[in-house]
Every structure is written in structure tokens, then in C-alpha cells.
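Read off the chains here:
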Amino acid sequence: MDVKKGEILTLAGPNGCGKSTLLKAAARQLPLMAGEIMLFGRKLDDFSQKELAKQAALLPQSRGIPGIPVEQLVLHGRFPYLGLSRRPGREDKEKVAEAMELAGVADMRHRDLRSLSGGERQKAYLAMVVAQDTDLIFLDEPTTYLDIGKQFEILELIRRLNREGKTIVMVLHDLAHALTYSHRIAVMEKGCLLAVQQPEELFKSGLLNDVFRRRGPLGGGRKNILFHAPS
Amino acid sequence: MRSWHKGAFLLILLLCCLAGAVCLSLFTGSSSLSLGELYHALQAGDKTDTTYRIFLYVRLPRTLAAIFAGAALAVSGAIIQAVLNNSLASPNIIGVNSGAGFCALLAASLAPTAWAAVPLAAFVGALATSLFIYALAAKTGASRITLVLAGVAVSSILSAGIDVLTILFPDDVVGATGFMVGSFAGVTMTALKPAAVLIVIGLVLALVFSYDLNVLSLGEEIAASLGMRVAVVRFLFIVIASLLAGSAVSFAGLLGFIGLIVPHICRRFAGGDNRLVIPCAALLGAVFALVCDALGNGYLRPLNCLWVSYWHSWAARSSCSCF
Numbered sequence: 001m002d003v004k005k006g007e008i009l010t011l012a013g014p015n016g017c018g019k020s021t022l023l024k025a026a027a028r029q030l031p032l033m034a035g036e037i038m039l040f041g042r043k044l045d046d047f048s049q050k051e052l053a054k055q056a057a058l059l060p061q062s063r064g065i066p067g068i069p070v071e072q073l074v075l076h077g078r079f080p081y082l083g084l085s086r087r088p089g090r091e092d093k094e095k096v097a098e099a100m101e102l103a104g105v106a107d108m109r110h111r112d113l114r115s116l117s118g119g120e121r122q123k124a125y126l127a128m129v130v131a132q133d134t135d136l137i138f139l140d141e142p143t144t145y146l147d148i149g150k151q152f153e154i155l156e157l158i159r160r161l162n163r164e165g166k167t168i169v170m171v172l173h174d175l176a177h178a179l180t181y182s183h184r185i186a187v188m189e190k191g192c193l194l195a196v197q198q199p200e201e202l203f204k205s206g207l208l209n210d211v212f213r214r215r216g217p218l219g220g221g222r223k224n225i226l227f228h229a230p231s
Numbered sequence: 001m002r003s004w005h006k007g008a009f010l011l012i013l014l015l016c017c018l019a020g021a022v023c024l025s026l027f028t029g030s031s032s033l034s035l036g037e038l039y040h041a042l043q044a045g046d047k048t049d050t051t052y053r054i055f056l057y058v059r060l061p062r063t064l065a066a067i068f069a070g071a072a073l074a075v076s077g078a079i080i081q082a083v084l085n086n087s088l089a090s091p092n093i094i095g096v097n098s099g100a101g102f103c104a105l106l107a108a109s110l111a112p113t114a115w116a117a118v119p120l121a122a123f124v125g126a127l128a129t130s131l132f133i134y135a136l137a138a139k140t141g142a143s144r145i146t147l148v149l150a151g152v153a154v155s156s157i158l159s160a161g162i163d164v165l166t167i168l169f170p171d172d173v174v175g176a177t178g179f180m181v182g183s184f185a186g187v188t189m190t191a192l193k194p195a196a197v198l199i200v201i202g203l204v205l206a207l208v209f210s211y212d213l214n215v216l217s218l219g220e221e222i223a224a225s226l227g228m229r230v231a232v233v234r235f236l237f238i239v240i241a242s243l244l245a246g247s248a249v250s251f252a253g254l255l256g257f258i259g260l261i262v263p264h265i266c267r268r269f270a271g272g273d274n275r276l277v278i279p280c281a282a283l284l285g286a287v288f289a290l291v292c293d294a295l296g297n298g299y300l301r302p303l304n305c306l307w308v309s310y311w312h313s314w315a316a317r318s319s320c321s322c323f
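Chain order of the listed sequences is A and B.
Using the numbering used here, you'd call the opening residue of the first sequence number 1 and step up by one each time.
Using the numbering used here, you'd call the opening residue of the second sequence number 1 and step up by one each time.
Calculated from the structure, these hints are not laboratory results.
Every value quoted in this text rests on a predicted model; they were computed, and no experiment measured them.
Note that CB positions come from ideal geometry on N, CA and C, so glycine has one too.
Just to be clear, a hint being listed does not mean it is correct.
Pairwise CB distance ranges (calculated) [to be verified]: (1) A:P31 <-> B:L168: 44 to 50 Å; (2) A:Q49 <-> B:V164: 55 to 61 Å; (3) B:R144 <-> A:K43: 28 to 34 Å; (4) A:D112 <-> B:T113: 54 to 60 Å.
Make the full structure from the sequences, and use the hints.
Set out below in C-alpha cells:
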């Protein structure tokens, strides 16, 4: 499976099919059992932790809610660029301001994270990821626990980030959202990658119907992306 | 800038409280000591003078011991609560109290005449137990919850060991009861010095790495995604925390409660930024220990230990209702 520069690729599939596992493995948060993941032509293991943090950012689904202002959270996105003194320079502050502007949280920069609504908090976290200034962003179910209006706000924001040049790989549960907002969709089932297609092709192929209705054993010939080396 | 002003105000306020608590501690005790007497005694420099001797060999070590122990335990608690993301965590969750208590009793039982070995044994026990708990947790995945579980399990085993020693050697461990409750009475400069050096090192390290503690508080996955080597940094913080708490219990006994309550009070006023929480915890921990000790020592003689325990339960109850 390849991720193309500048695209929004969505991982879709039933619960427990390994979407989040793949996402975390790609962000080097889980050890690989087999196979290999390459980032910009280099093996993932060859990157130091800081180097990797400058190339790819992961926003996990579950996380704590620290009692800090939004601006400080966004500033944490600059952590890979800070020196030993951990003091942000002018460039860091500019990036933080840009990120807050882009994510629409500039007017709540002094508010405590705990006082924000779920949607606002998600935007603040996305601003942190933007401030990290990586080409590649991994998002694990960025719209979970949000009402439908906020879900669209977040998805629009993700689209805006993509237009700014970010490559986005995300896990989405809502197929309608996945079909609307992705350039390509990777369909997975039981740890296997079934197809990577554009939304229209995928919709016409009827594969989604098969995957989400049928839960039987898999047929042969499909590549197991987690447990077998890619051919 | 608003938060910067708030932080400066908090720190200045706590420094004033510390100054007040130091005076309270220096001038309360079993014999009265006025400022005038003390001034004259210090100016005369007569080493045989009673006031001079009381001040130099009883009050000053006791006050310094309360400052160092309070600051160390509170900062240790603040670090552990942040690293484990657990509000109920305190130095005893990483085995500091049980390790120190067990080794202190073991030393007292094996060598009843060598009382000087007890603080050293307590320190070694605290540090060794927390490292063992970390190694155990690391072996099983090094997540925060395995660390808490390993801590609870190992602490229970060591507590059972403490009970066994108490039953088998009741005569040898009778002197260690004071140690188990915790007290600043009878602390000497000789016992305090090496521990104080370690505490200063621990406090400086805690302040230097307080920003990293903020990033770690975002959760392990986000911290790793931001380029932090989470396992290494978490280990570093556990070592700093056990160094601080181990040094404190080596001369003050098992005063674990400061490490639980004070960080909560600090976070209530200072927010979630550990760059402010850590210095606030150090100052408030010192104030807390000084005031408890002075009240127990000066006004509820000889019930200082009980007073501290009473304070503990009161503070625990009131903090539960606050948070």
C-alpha cells in the first residue's frame, strides 16, 4: 500500500479490522510483527524520534485533557524543534500563531482546555498537529464523540489542511464522510487490506456492501498487510 | 502575560508563607526561645550557651529537615502524579514508603546496635524498590497502568514483610515505630547533609525537565508523536521522584502524605503547567511540613505524630471535596 503525497487517504473497515493498529504502526507507536514501513523512501526505524516527529504527526483517538491554555497546547506541537532550554524562538511562535489561525482557535488561545467543548478541543489538538509542521498527518477517528455539525467542521478543517499541502491518513467510521472527503479509501477486514480505491470506484464496486454485511472467512489471494511481508 | 503574573504572584505569596513558617518553626519547641535571646546568643558566639546550642543543634536542623523533606516529598508526588496521570498516586505508589520501611526495619533487626545505618538502609530500600517496580513494569509493557499495578503489588509484599519483622523481632523494631510514623525530632546536621545534597540535585532536575513533564502529560502517544522517547523520559522522572522521596524518608521517616495532598493543592491554584506546579509544590510542601511539625511540637506536645496524621486525614477529606 502506498500513500501518495498530498492526498487524503482514509482507512475504513469494520471494528477490530486493524485500522488504528495500522495507523499506529505507521507512526511507529506499535512494533511491526512482520513487513516493513517506508517513509519518504527511508525505513521507519532509521528515523530518530525527533526526526520522525518532524516528518509525521499522529493524533490518537484517546488522550488526557490537561489543564493548560489552548496556546500552550499548540506550542507543544513545536516540541521536536525546541532546544535543550525548551524555550520557543520567534519562528516557533509564528508557527503557533499560524496554526491557531488555520484551525480557528486563535480567539480562544487563553482558554483552559478543560473549559472547551469537544469540537473546540479537537480543533485545538489539530492546531497542535499543524504547529508540528509535518508533511504527513495521521488522524485516528478525528470526528468521534462530536455532533454532526462539528464533525463537518472538523472534516472541512482537515480538507483545508490538505489544501495547504499536508498528506493525511485517517481512520473514519462514517462511510459517507469517508466517501465525501477522501481522495482514496483503503478498505480493511480482519487485518487484511482488501482494496485501495477512489471513492466513486469503491462505491460502484460494491465492496463496501460485502465488507460491512458479510463477516465470513476471507477468500484467498488477498495480501495480509500486517502479518506478511509485502510482495 | 496574565498567567505569568499569576505564577509570579503565587510564588511570591508562597515564599512569604515559607518565611513565616520558618519563623514559627524556629521559635516553637519544648523550651521557649525569643528572637532577642537568639540574637544575643548568636552575637556572643558562646558555644557553651544553652540558647546557642538549642538553636544550632535542635531547632535549625529540625527546621531545615522539615523544609527539605516537605519540598522533596511534594515535588516527588507532583512528578509521580503527572507521569502516571493518576491523582491518587504519591511516592508510596512507586514503593518508596514500603521499600524504605522494610529496609529500615530489616537493618534495625539485623543490627540493632547500629542505628546510624537505618537512614541509609531506608534510602537504599526506597531507591531499590522503585527501580525494581519500574523494571517489573517495563518487562510487562511499561504502560502507566502496569507501573501502578506493579507498585501496588510490590508494596503489598513489602508491607507483609514489615509485619513479619514486627512480629518476629518486636524488641529490635520497637525504636523504629517513630520512623514508621515520621518525625523531624532528633534530626542531626550529619544525617541531613547528604540527603539535602541529593534533594537539591533532584529539585534542580525536576525544574529543568518540568517542560518535558508537560508534554508527557498529554498522553504517551502524543508525547511520542512529538518526538519524545517516552520510556526513557518516564524512567528519568521515576528516578528523580524516588531520589527525592527516598532522601526525604531517610531522615524524616515515612511522611508519604505530603506527596499526595500538596501537589493537588498546587494544581488547584497553579493550573496544569508543571513549570509552575513544581516550584509551587516545593514551597508549599516545605510550608506544610514546617507548620505541621511546629504545631505538633509546640502546641500538642508530645502528639506531633498524631497531629500530622490528623492533618493528613483532614486534608485528604477536604481535598476530596474540593477536587
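(request) Starting from the hint list further up, note which numbers the structure goes against and sort them upward. (result) Checked against the structure, the only hint that fails is number 2, while the rest are satisfied.
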